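Order-wise, the sequence lines are chains A and B.
So for the first sequence, my numbering puts the first residue at 24; every next one is plus one.
So for the second sequence, my numbering puts the first residue at 10; every next one is plus one.
These aren't lab readings, by the way, just hints derived from the structure by calculation.
Values in this document were obtained by computation on a predicted structure and should not be read as measured data.
Certain hints may be false.
Derived lysine to any residue pairs resembling SDA-like cross-links, with alpha carbons at most 20 Å apart [to be verified]: (1) LYS64/A with HIS222/B; (2) LYS276/A with GLU299/B; (3) LYS276/A with LYS289/B; (4) LYS64/A with GLU299/B; (5) LYS276/A with ASP221/B; (6) LYS64/A with HIS76/B; (7) LYS64/A with SER28/B; (8) LYS64/A with ASP221/B; (9) LYS64/A with LYS289/B; (10) LYS359/A with VAL378/A; (11) LYS276/A with PRO74/B; (12) LYS64/A with PHE78/B; (13) LYS64/A with PRO74/B; (14) LYS64/A with PRO75/B; (15) LYS289/B with GLU299/B; (16) LYS64/A with ASP220/B; (17) LYS276/A with SER328/B; (18) LYS432/A with PRO416/A; (19) LYS276/A with PHE78/B; (20) LYS442/A with ALA253/A.
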Amino acid sequence: MVDLTRRFDVLVIGGGNAALCAAISARRAGASVLVLEGAPKFYRGGNTRHTRNMRCAHDAATEILTGPYTEEEFWKDLLLVTGGQTDEELAHFMIHESKDILNWIVEQGVRWQPSLGGTLSLGRTNSFFLGGGRAMLNALYHTAEELGVDILYDAEVIDLVIEHGMFLSAQLKQPVGGRTEVRASTLVAAAGGFEANIEWLKQYWGEAADNFLIRGTPYNRGAILKMLLAKGVQEIGDPTQCHAVAIDARAPKFDGGIITRHDSVVFGIVVNKHAERFYDEGEDIWPKRYAIWGRLVAAQPDQIAYIIFDSTVVTSFMPTLFPPIAGATIAELAGKLELDAAALEKTITDFNAAVQPGTFDHTILDDCRTEGITPAKTHWARRIETPPYLAYPVRPGITFTYLGTRVNKQSRMLMKDGKPSANMFAAGEIMAGNVLGKGYAAGIGMTIGSVFGRVAGREAAKNARN
Amino acid sequence: MHGTRILQEADRLMTVCNSCRYCEGLCAVFPAMEMRRAFSDGDLNYLANLCHSCGACYTDCQFSPPHEFNVNVPKTLAIARAESYAAYAWPRAFSGAFARNGLVISLIAALSVAAFIFGFAAINDPGVLTGIHTGPGAFYRLMPHNAMALLFGAAVLYAIVALAMGVRAFWRDIGEPVGMKTDARSLLQAVRDAGELRYLDGGGVGCFNEDDHPTDRRKLYHHFTFYGFALCFAATCVGTLYHYLLAREAPYAWWDLPVVLGTLGGIGLVVGPIGLLSEKWKRDRVLVDEQAKGMDTAFILMLFLTSITGLALLLWRESAAMGPLLALHLGVVFALFITMPYGKFVHGIYRFVALVRYARERQMMAE
């Protein structure tokens with residue numbers, strides 16, 4: 024039994040990668056630590072459950088990484104995906120710290136493996152967790168438990184007492200045991216974004232948010248973020264920005280995870296409910312572009328789109344959870360998708376006519392492109408002409424939101440007046456917006472979580488001692 | 010559509026897993042899965058027999074129950090595996106032995122022991138069964154050596170034929186030509202993988218048994234059991250060579266090779282089965298194929314009885330208990346041999362064959 028009458032040095036709210044890194048590093052620095060995870064034990068860890076890798080800088084190839092990925096290159100990639108919308112000082116700090124995380128996280132029991140089958144393009148930059156995100160979480164929880172971190176599940180925090188930027192206590196609500204006041208010298212907020220809070224999403228997206236699918240658990244409701252912002256913590260990030268990808272429209276509303284994602288966009292065309300194309304499917308190498316398709320589909324009518332391809336490319340991408348919808352003719356496929364058959368036939372005929380001769384190679388920006396249609400498909404354009412014709416219906420799958428709390432290099436929250444909080448820290452998705460103004464690069468969410476989690480725990484422990 | 014409901018479920022799971030692949034570093038099952046996009050009955054039976062039931066993929070899975078995708082690979086493959094044993098049994102008429110395996114094995118063991126006791130009493134003069142016999146040839150005063158060799162030779166031969174027919178059925182089912190060119194490299198790789206139990210380690214941390222902490226000792230106990238069995242088998246072989254080549258008759262002195270090998274093996278076959286049984290007892294029910302509990306327990310107990318009766322015979326071979334103990338030991342061993350093709354023993358054979366195929370597939374991919 025956890026003694027809730029005592030005053031902890033560090034209270035960690037949240038239970039994912041950032042929270043556990045914070046708890047472990049605070050405990051290793053000698054602090055007493057309580058972790059409050061709002062979800063039941065099985066669903067512990069928020070989005071970390073569904074992750075599979077982390078992007079860390081390294082100067083040389085390792086056993087599991089195929090080559091060097093310098094700080095400079097990492098920085099360039101970050102600049103590219105965010106279009107410069109990043110806190111440069113924090114981003115450089117994170118990238119530098121990420122080098123050491125490669126080893127530190129292993130010391131916490133996490134094991135690496137080479138990139139998974141079908142993800143070779145990430146083999147140089149991203150380190151994969153052996154057994155995936157839940158295996159990583161299990162390892163962190165075991166380490167935390169062995170170090171003597173107290174952990175409670177189903178532990179919902181319903182209020183925070185904060186005075187003049189100083190955290191005093193948290194109101195805890197448990198299914199058994201009811202309400203308790205939890206006191207601690209410092210707070211680490213690592214409770215994620217608000218992607219599972221449809222009502223909150225609607226404030227920015229309107230009714231369209233009803234058509235969003237949430238890739239993680241229903242527990243990422245942003246309650247802690249909302250409390251902090253309401254109690255004087257400075258806000259950062261555009262509330263409409265998030266990491267969103269195109270996922271199968273047949274996926275469950277919550278927690279479909281990685282397996283509902285579609286990587287077949289570059290092999291075909293994507294049309295909206297009017298059977299019209301709306302974006303260049305071959306703009307860039309897929310790992311650099313997959314993260315824009317969630318927003319693109321979100322901007323289409325009824326937030327639905329269809330990836331359409333033919334039988335020649337079925338084995339070019341990872342097998343999918345849901346089978347493609349098939350039709351012997353374009354018209355039959357259109358009927359099954361409830362699209363206007365004539366419109367779809369015209370789109371495909373026009374597209375086929377625009378395809379220029381070229382040599383197909385999906386690993387490079389090849390010379391297979393269209394001419395004379397808008398939008399163009401600038402690479403990997405090949406005619407769709409071999410039946411059966413196939414389609415995946417897709418919707419926006421929201422991974423996590425970027426609206427968050429402003430922090431400094433100590434992971435310490437900044438208040439609205441610009442002053443650092445006396446004893447409050449934030450790590451993970453709740454502060455991802457500091458680094459990610461927009462866009463996404465694979466594995467960067469975990470980098471943010473581990474780096475700032477570790478820093479937040481260390482700084483909170485130091486803060487508690489003084 | 011698949012032949013059975015469990016293969017249908019295995020297909021569903023492999024479709025989920027193949028679009029995830031997070032577990033590919035844990036064992037051989039997932040890399041083998043990734044070499045396919047669709048799964049025939051034979052493919053699924055191959056994957057089922059390749060699975061060592063370490064449980065890591067269940068503990069690591071974000072979609073295991075209570076998640077609505079309800080992914081439980083170890084349990085599903087365990088059930089499919091047990092059903093495959095029955096499907097490959099030769100002759101087919103005996104495949105029913107797998108349905109109530111605990112009962113069948115117990116009955117055969119009891120009958121076998123009874124037959125030996127009754128036989129010893131019937132063919133010998135009164136008093137021989139409970140008499141004291143020492144020196145070379147002591148055992149053969151109860152049962153002539155040639156009769157013993159003939160009976161056990163026939164039992165072993167039968168078991169080998171039945172097992173070979175089962176392997177043939179398995180090999181065909183998983184889509185391999187029976188006359189496959191022997192490939193020494195993959196055979197050697199499979200011997201190494203099986204000998205080390207390479208895939209019974211949860212990808213490096215150990216296996217999962219009673220909870221989500223990888224503290225399972227099954228690998229260790231399995232090594233005790235397997236190498237104990239191998240040593241006992243070696244003891245029998247050396248004894249046979251002594252008898253026919255050197256004309257030296259059992260029982261042998263405690264320091265002699267057959268006894269040393271048999272004693273060490275016997276100890277392994279006591280420690281191993283007890284350990285395996287206790288781990289089985291603690292195992293999280295969510296990972297267990299409840300239907301196969303009888304089969305698993307029967308085989309473990311038969312191995313345990315083989316070693317314990319053998320060791321008892323060694324300890325009391327110079328007393329009046331020797332006759333009954335010999336009958337008991339021979340009865341258990343005879344039952345063990347003739348039930349080999351119809352019990353849990355086959356798991357080792359099919360898994361080894363699956364490992365051979367896996368090694369071949371890996372080589373073909375690399376070429």
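Hints and how they fare:
| no. | hint | result |
| --- | --- | --- |
| 1 | LYS64/A with HIS222/B | holds, 14 Å |
| 2 | LYS276/A with GLU299/B | violated, 34 Å |
| 3 | LYS276/A with LYS289/B | violated, 38 Å |
| 4 | LYS64/A with GLU299/B | violated, 26 Å |
| 5 | LYS276/A with ASP221/B | violated, 28 Å |
| 6 | LYS64/A with HIS76/B | holds, 12 Å |
| 7 | LYS64/A with SER28/B | violated, 25 Å |
| 8 | LYS64/A with ASP221/B | holds, 12 Å |
| 9 | LYS64/A with LYS289/B | violated, 25 Å |
| 10 | LYS359/A with VAL378/A | violated, 26 Å |
| 11 | LYS276/A with PRO74/B | holds, 17 Å |
| 12 | LYS64/A with PHE78/B | holds, 17 Å |
| 13 | LYS64/A with PRO74/B | holds, 12 Å |
| 14 | LYS64/A with PRO75/B | holds, 11 Å |
| 15 | LYS289/B with GLU299/B | holds, 11 Å |
| 16 | LYS64/A with ASP220/B | holds, 13 Å |
| 17 | LYS276/A with SER328/B | violated, 75 Å |
| 18 | LYS432/A with PRO416/A | violated, 43 Å |
| 19 | LYS276/A with PHE78/B | holds, 13 Å |
| 20 | LYS442/A with ALA253/A | holds, 16 Å |
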